[in-house]
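*Asks:* Below, each chain spelled out in residue letters.
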Amino acid sequence: MYGWTGKILRINLSSKTYRQETYAEEFAHKWVGGRGFAVKILWDELKPGIDPLGPENKLIVAVGPIAGIPAPNTGKTVVAAKSPLTGGYGDGNLGSRVTIQLRKAGYDVLIIEGKAENPTYVTIEDDKVAFHSAAEIWGKGSYDTMDWLYAKYGRSIGILTIGQGGENLVRYAIIRSMEGRAGGRPGMGAVMGSKNLKAIVVKGTKNIPVADEEAIKKIGTDDLRQVGKIDKETGWSIQSTTGVLAWCNEVAALPVRNMRKTFHPDAWRIDGERLNEARVATYGCPNCTMRCGITILDKEGHEAEMDYENIGMLGSDLEIFELAQVGSLNFLCDDFGLDTISAGGTLAFYADAIDQGAVEGDFKFGDAERAKELLRLAAHREGVGELLAEGSLRMARRFGHNSEDYAMQVKGLEISAYNCKFIPGMALAFGTSAIGAHHKESWVITYEINETPRDSYGREKAQKVIELQRIRGGLFEFIVACRFPWVELGWDLEHYPVYFNKITGLDWQLEDFWQVSDRIYALIRAHFVREFPDWDRTRDYPPRVWFDPANADKEGPIAGKILDINKYDELLAHYYDLRGWDDRGIPTRRTAEKLGLSEEFAALEKIIKLKD
Amino acid sequence: MKVTVKLFSYLINQAGFSQKEIELPAPVTIQELLEIIQIKPSLAKIILRNGQPARPDDLVEDGDRLVISPIFSGG
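Line by line, the protein sequences give chains A and B.
Heads up: the first sequence begins at 66 in the numbering used here, then just goes up one per residue.
Heads up: the second sequence begins at 2 in the numbering used here, then just goes up one per residue.
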């Protein structure tokens, strides 16, 4: 077998043991890697109803056949577990040297089980695994932790670590790597923390098995260079992802004031032009020639790495329009190991709930200093932080007073930085995003604004959402690579089967990848249904406030407009129909069979009756 | 006739401005306007004219506001 090492490393923290396991070629072809491996392993190995923060949960670290190969933007790793935020399958994808080191150590997958008795970090060096006391780094932020590990093991090692947020089981704690990199929005950092696992260090010395080494070396490095050239010619990385902020403000899609508003006259103060002016350095992932990480000095003088989602959710959504202050909030989230999107969404919800009288408190929109303190309290679960660490949905359920209507989340995961109160297709993308409201699955907003009437709810929008989910939430999550060359620079998707085939020796077309994508989406959905047997289509609805005429903009390009709940429901029906899912949003028996999931869905049938 | 052009992301660096009122001697298409402001048409992927989707061969009219973006994904 080429492309895959065929090996899984299983580490048990309770017993301080580990073992190498092999997997069959059929498993590799069916699930490919990354998200595919993770969803199948967690489906097979987790019992429904387990506590996501208990020792029964398992943390998966998985790469794919293209990961770590010198081809455009292949430095990504998937981290996955049952989510403490959503209660369903959760994952994330981050740039890390772990990608390359894990492959060189001879593994495609790590399965971390059990719970260490005391704070621990694990080192993996080829076939050797060691368990070390993390007493000296427990309680430290992620930046200091990484520095400590670099000093001990050198800078070429791969590191996955958590900050205080993960240690203290904040439900939206993420996993961190390479200073500015982060992944695992639905609480993957908290799962690490629940296992008393502060860090994973990986170093490998083996060769990655590749079918046609000469060809992939030539094609891959030429293409890496070419992507870098396109980036330079266009100037994409002048603003990187933050170029979209001013556009969202223009088309009334910016999150402002817990998404109550869609634009703001001060948005220019935190946009991509201002960010570029304030830039002090640029960072990227391994095997990347379009580095997107722009750093600025925050209010306290730390180097903070910014992107659009961070600025949207920690800036405009909190009505904080001083870039250095947004940088401070960004830095704190990174250091504490909190997801910037969910942290911003949770604070915005808290300020809104205070405004609406649902709860008493002293936090107001625009108060950057208090926001910093609240992040610290959340990361340490001190005072009101105990509440904030739970995320917006659980907070709303505690507050009552219909506050769940404006908790801006789907399935418990906070919505990323696009305000869709009048963008039906993008609202559907958030509604049906596999792991809860995440932009990574289907970013349909530009297609929708540019190609269709904004107020249409036609079948073509559902079709486009699925098409993008297959690429973004599928292909790039299981091969595993960064989507940016394709989505930001127009790098042709047809390049990816070429890389894949040279690496694996197979002869796949793009169509073959879409079948894998659909299989993964169906099994992720099955995970959720297994955990919530009363599953119905309302779980794919965005928050009620997006359908409330009283919440329509009072001025601007979409004044008086709001989503129509009946039409949204029709759009959702198109989505289910196109996917072969039933009217509850559950894949039908026939769809499961077509996707090669008969066995998995026969197990699901013991919990809930499937339809044909 | 006068039109307002608002650019985003790297198109700002290509054209040298982010927003500008442009005086045109005669009606032109959006494609021709892109040439005037030195934006490669292949990079102008998202074009809105007065908030509505527009095509490169659409004619611009006096008082129009054109919003022109490259492709981007927001991270």
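It should be emphasised that the hints constitute simulated quantities derived from the structure, not laboratory data.
Take these hints with a grain of salt, some might be off.
Cut-off 27 Å, straight-line C-alpha distance, at most; resulting in silico cross-link-like pairs (DSS-like, lysine-lysine) [said to hold, decoys possible]: (1) B/Lys21 to B/Lys3; (2) B/Lys7 to A/Lys297; (3) B/Lys21 to A/Lys529; (4) A/Lys95 to A/Lys632; (5) A/Lys297 to B/Lys46.
Label-pair ranges, simulated between beta-carbon atoms [claimed, not checked]: (6) B/Ala27 to A/Glu559: 48 to 54 Å; (7) B/Thr5 to A/Ala276: 37 to 43 Å; (8) B/Lys46 to A/Asn467: 51 to 57 Å; (9) B/Glu33 to A/Trp333: 26 to 32 Å; (10) B/Lys46 to A/Pro113: 42 to 48 Å; (11) B/Ala27 to A/Asp642: 45 to 51 Å; (12) B/Arg66 to A/Ser663: 53 to 59 Å; (13) B/Phe18 to A/Ala280: 41 to 47 Å; (14) B/Thr5 to A/Gly570: 53 to 59 Å; (15) B/Arg66 to A/Ala280: 27 to 33 Å; (16) B/Phe18 to A/Gly119: 56 to 62 Å.
Note that this is a predicted model, so its numbers are computed, not measured.
Ideal placement from N, C-alpha and C gives every residue a C-beta, glycine not left out.
*Asks:* Look at each hint and say if it fits the structure.
*Replies:* Status of each hint after checking the structure:
1. B/Lys21 to B/Lys3: Between B/Lys21 and B/Lys3 the Cα gap is close to 10 Å, so the pair holds against 27 Å.
2. B/Lys7 to A/Lys297: holds, 22 Å
3. B/Lys21 to A/Lys529: violated, 34 Å
4. A/Lys95 to A/Lys632: violated, 36 Å
5. A/Lys297 to B/Lys46: holds, 18 Å
6. B/Ala27 to A/Glu559: 48 to 54 Å: This hint is violated: roughly 42 Å between Cβ atoms.
7. B/Thr5 to A/Ala276: 37 to 43 Å: Given about 55 Å between the Cβ atoms, the range is violated.
8. B/Lys46 to A/Asn467: 51 to 57 Å: violated, 41 Å
9. B/Glu33 to A/Trp333: 26 to 32 Å: holds, 29 Å
10. B/Lys46 to A/Pro113: 42 to 48 Å: With a Cβ separation near 45 Å, B/Lys46 and A/Pro113 satisfy 42 to 48 Å, so the hint holds.
11. B/Ala27 to A/Asp642: 45 to 51 Å: holds, 50 Å
12. B/Arg66 to A/Ser663: 53 to 59 Å: Roughly 55 Å apart at Cβ, these two residues keep to the hinted range, so it holds.
13. B/Phe18 to A/Ala280: 41 to 47 Å: holds, 45 Å
14. B/Thr5 to A/Gly570: 53 to 59 Å: holds, 56 Å
15. B/Arg66 to A/Ala280: 27 to 33 Å: violated, 50 Å
16. B/Phe18 to A/Gly119: 56 to 62 Å: holds, 57 Å
Going through the hint list in order, the structure does not satisfy hints 3, 4, 6, 7, 8 and 15.
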